[in-house]
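Colleague: Going line by line, the protein sequences match chains P and H. For the first sequence, our numbering begins at 76 and goes up steadily by one. For the second sequence, our numbering begins at 26 and goes up steadily by one.
Keep in mind that the hints were calculated from the coordinates and are not lab data. This one's a predicted model, so the numbers in the text were calculated from it and none came from an experiment. Take these hints with a grain of salt, some might be off.
[Unchecked claim] Okay, derived cross-link-like pairs now, DSS-like style, lysine-lysine, Cα gap no bigger than 25 Å in a straight line: (1) P:K97 <-> H:K67; (2) H:K93 <-> H:K26; (3) P:K132 <-> H:K26; (4) P:K88 <-> H:K67; (5) P:K132 <-> P:K97; (6) P:K88 <-> P:K127; (7) H:K137 <-> H:K67.
Here is how the chains run, residue by residue.
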Amino acid sequence: AAGVIQSPRHLIKEKRETATLKCYPIPRHDTVYWYQQGPGQDPQFLISFYEKMQSDKGSIPDRFSAQQFSDYHSELNMSSLELGDSALYFCASSYRGSGYTFGSGTRLTVV
Amino acid sequence: KQEVTQIPAALSVPEGENLVLNCSFTDSAIYNLQWFRQDPGKGLTSLLLIQSSQREQTSGRLNASLDKSSGRSTLYIAASQPGDSATYLCAVGEEAAGNKLTFGGGTRVLVKP
């Protein structure tokens with residue numbers, strides 16, 4: 076069965092650089108979510124999209140933005156990267172309130 | 026604001042023992058509750074999903090119960106195996122469009138052979 080695909084798996088960036096993370100949800104899933112998980116922490120909600128419209132926003136810095144495209148894939152853009160942005164970034168998708176399916180995550184390291 | 030707590034934070038048991046992991050949440054107006062497993066540095070694997078109208082779900086050696094009124098869920102893992110060693114996360118879906126998940130801090134489980 077198709078899963079949630081995230082790319083890249085690993086990303087190393089320098090401070091003040093920009094990073095773009097991509098997410099391809101399960102086909103026909105109508106909602107996409109982004110989460111950030113710092114070392115030793117539980118995942119924190121960043122933002123979600125329902126049918127390509129932003130549906131909810133969590134503790135997402137102003138330096139971050141996200142969008143969902145017509146083919147339902149989503150991108151998380153992070154600018155002016157800081158050391159504290161180093162984390163695992165997860166994308167998940169769901170259909171009509173069913174359970175979440177998470178991708179394998181992108182490990183971002185800012186040096 | 027929904028708060029999710031998991032107790033204990035860590036658990037170490039000998040192989041074969043049953044595991045009991047607890048999750049509590051402050052706002053009973055939930056949409057659903059999901060249990061995940063996470064291996065170190067890896068992604069989140071969904072174990073069980075309980076809709077707000079359900080009392081429990083079972084899958085193999087796993088059983089999860091939900092008591093909305095008291096704000097509690099319990100994950101039972103029968104006859105634990107070393108391969109069950111991982112962090113188990115409870116996450117509550119909010120009763121709103123978008124179904125944002127709020128996670129507990131997780132229970133780190135070690136099953137010793």
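Colleague: Hint by hint, say whether it matches the structure.
Modeller: For each hint, the structure was consulted:
1. Taken as a hint, the K97 (chain P) and K67 (chain H) pair is honoured in the structure, with Cα atoms around 17 Å apart against an allowance of 25 Å.
2. Pair hint K93 (chain H) plus K26 (chain H) holds up; C-alpha atoms about 16 Å apart against a cutoff of 25 Å.
3. Our distance criterion of 25 Å between C-alpha atoms is met by K132 (chain P) and K26 (chain H), whose separation comes to about 14 Å.
4. For the hint linking K88 (chain P) to K67 (chain H), the alpha-carbon distance of about 20 Å falls within 25 Å, and the restraint holds.
5. Of the supplied pair hints, the one linking K132 (chain P) and K97 (chain P) holds, its CA atoms being roughly 18 Å apart against a limit of 25 Å.
6. For a cut-off of 25 Å, the pair hint linking K88 (chain P) to K127 (chain P) is broken: about 28 Å separates their Cα positions.
7. Between K137 (chain H) and K67 (chain H) the alpha-carbon distance is near 21 Å, which keeps this suggested pair within the 25 Å criterion.
The earlier numbered hint that this structure contradicts is number 6, and it is the only one.
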